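> One-letter residues, chain by chain:
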Amino acid sequence: MPATDDLHEFPHRHLLGIDGLSSKDINLLLDLAEDYADITRKAKRPDAALAGKVVVNLFFENSTRTQSSFEIAAKRLGADVINMPVAASSVKKGETLIDTAVTLNAMRPDALVIRHSASGGVKLLSRKVDCAVINAGDGTHEHPTQALLDVLTIRRNMGKLKGLTVVICGDIAHSRVARSTTLALTALGAKVRLVAPKTLMPKGTESWGADQATGDFDAALEGADVVMMLRLQLERMDGAYLPSRREYFRFYGLTADRLCLAKENALVMHPGPMNRGIEIESAIADGDQSVITEQVEMGVAVREAVLHVLAGRAS
Amino acid sequence: MTPTLIRGARILDPANDRDEVGDILITDGVIEGVASDIRAPAGTNTIDATGLCLAPGLIDLRVKTGEPGEEQRETIATASAAAVAGGITTMAIMPDTNPVIDDVALVEFIARRGAAQGKNRICPIGALTRGLAGDAMAELGLMREAGALYFSNGENSIANAGTMKRILTYAASVDATVAVRPLDGALAGSGVMNAGALAAKMGLSGVGHDAEIIAGQRDILLAENAGATLLLDQVSTPELLSDIEAAKDRGANIRCTVAAHHLFFGEADVGDYLTYCKVSPPFRSERARLALLDAVTRGAVCAVVSAHDPQPPEEKRLPFEEASFGAAGLETLLPAMVTLSHEGHFDLLQAIRLLTSGPADLFSLPQGRLTVGAPADLALFDPNKVWECDRDALISRSTNSPFDGRTLRGQVTHTMVAGEWVYKRA
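These protein sequence lines map, in sequence, to chains A and B. Quick note: the first sequence uses my numbering, first residue 84, plus one each step. Quick note: the second sequence uses my numbering, first residue 791, plus one each step.
Please keep in mind that the hints were generated in silico from the structure rather than gathered at the bench. All the pointers check out, no bait thrown in.
DSSO-like cross-link-like pairs, simulated, lysine-lysine; straight-line CA separation at most 27 Å: (1) 346(A) - 243(A); (2) 286(A) - 245(A); (3) 245(A) - 346(A); (4) 286(A) - 955(B); (5) 1038(B) - 286(A).
Everything numeric in this text was worked out from a predicted model, so none of it was measured.
Could you put the whole structure together from the sequences, leaning on the hints where they help?
Laid out in structure tokens, this is it:
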């Protein structure tokens, strides 16, 4: 069982984003997550760190993957998990976001895992509740547990983060993953190159700590240790931000030929779900360099660590 | 290939600031030497061009044909034959055909037809938006790789500023040049000629300068912010030209073309409801025309185009308001510019610059210059030949020329593409 002394060293009540976390905070979560990953791999009995605690999944935007990952993480720690189907319930009946939060707060859960389609929506809710709030993705703002699982996957495979060059390619403008992961990587000393056509590249990425923002994928791949592809929303593909899928694949799809431009044995990552043949070639997604399924595995471990640290505290 | 030596011509090579009598030697399709006196190697074809001007072949950035879809107007073959009679050795073909050239396969089709049927070099222009509908952007990157020279939305601006902004932004990432006809559709309305006293007198609805200026200014601002290369196509108002000059001075990649007929004609030429003078943008006032010429003289314009737009009689033999827009222009491009030069608006070298190295440099083309090693694309013309334009004598399939009946100076006698003579005047 991981050391629980760490609990009190994490100086935040919520996990709303990577922004505001120190490298020490991030490393604390990564170390704990790594312990949990090992526990799971060795098929040990679930740790009961959250026995008797109640974790509520409040997903205003559907996400089977992330919600399941949080649910499994909480259950492994012995918590009781309630999935509130908000997309289909009170919100539909016209209840405001704040009212939903106040109502839930009155039920005294120990942690709220929230996904919301509006940037800042999770933070707004966090102000109205007494328990720990974990951001499971807010609009195009942050997705901190995704960032943590990304850096943990890299750390496990490369042994370090400092000095690595990570290329993140795709719809940077609308990606909460790109923001959070860039913040986490740069906090830990990695260099980040963001790649997107200009229509999908926001201005001011240097404020996230990115080393480079470019439209030239091939050039950015040179010397890369990690290549992370982002999911493209298909509705953006149809002539509005991009001409077509095939043109996107031609210039920004990760193919075997392109991957050769990166360092030998560079890691291939993707937060999923993938559009095979649009942002990534199937052979690469399933290839030796891909750590995409390990990302999913680390997702649970990271969420265990986060829930442990935030919900495991004595109320 | 037998070498060719052209002797004694007045060599006009604006790219190298050369205007002097000399010889030029062509071997294997490229320019081998340019000098005051070249000794012909054995077996050379020698041509005495004394009294003629020798210029790089003309590059016309705006040519419409009817192929595919409306071959009764013009085919690539007929346009090409007319072009070489006008000294045009490279021409860019507009995408507003049926179907619209908005796809890689269609770009390749135009290039293939051009190579098979054309006497000169033919560069496809890709559609900026699918079907030229002004909505969804077309595959700019893939079409560029397939050989599209630049991208145009045909005769229409993109009405939606948000769409235009995204297209310019995307074009900048694939290094594509975006060309637009600056024309605010709402302001242009159903106007058929220049707005003003004459239109009012004739009872015709007019298109004011504002329709061009507002659309142009908007796109300059959007392109500048996006870091895109914008080519404003067929500018007809001196006001917008000033804005373009100011943008250029700020370092923005804003360029423009002017159609030769806008330098030559004014609204008064519409005269007795002459539909061959119905073009868009319309011929402007004499004051605007002179201001436009002045801007050309001071270097505000990168290229002069023919804006060749073949319209058969059934489209033109109609009441003025019902007749289609457009003028044939391939065969009168050079003579119009030579005539204006004789009138003293600019010197001959500058006229040639706007037709050769000016357009070439917009797209870093190797032709358009008489530099050793450059493709041997040449036009020989008699700068003093006075002739009357007779539309029935034009080679173009449609002969809707506003120059019909006009006296012009300067006539092409020979045209060479890649070292081969493709036209000799009978």
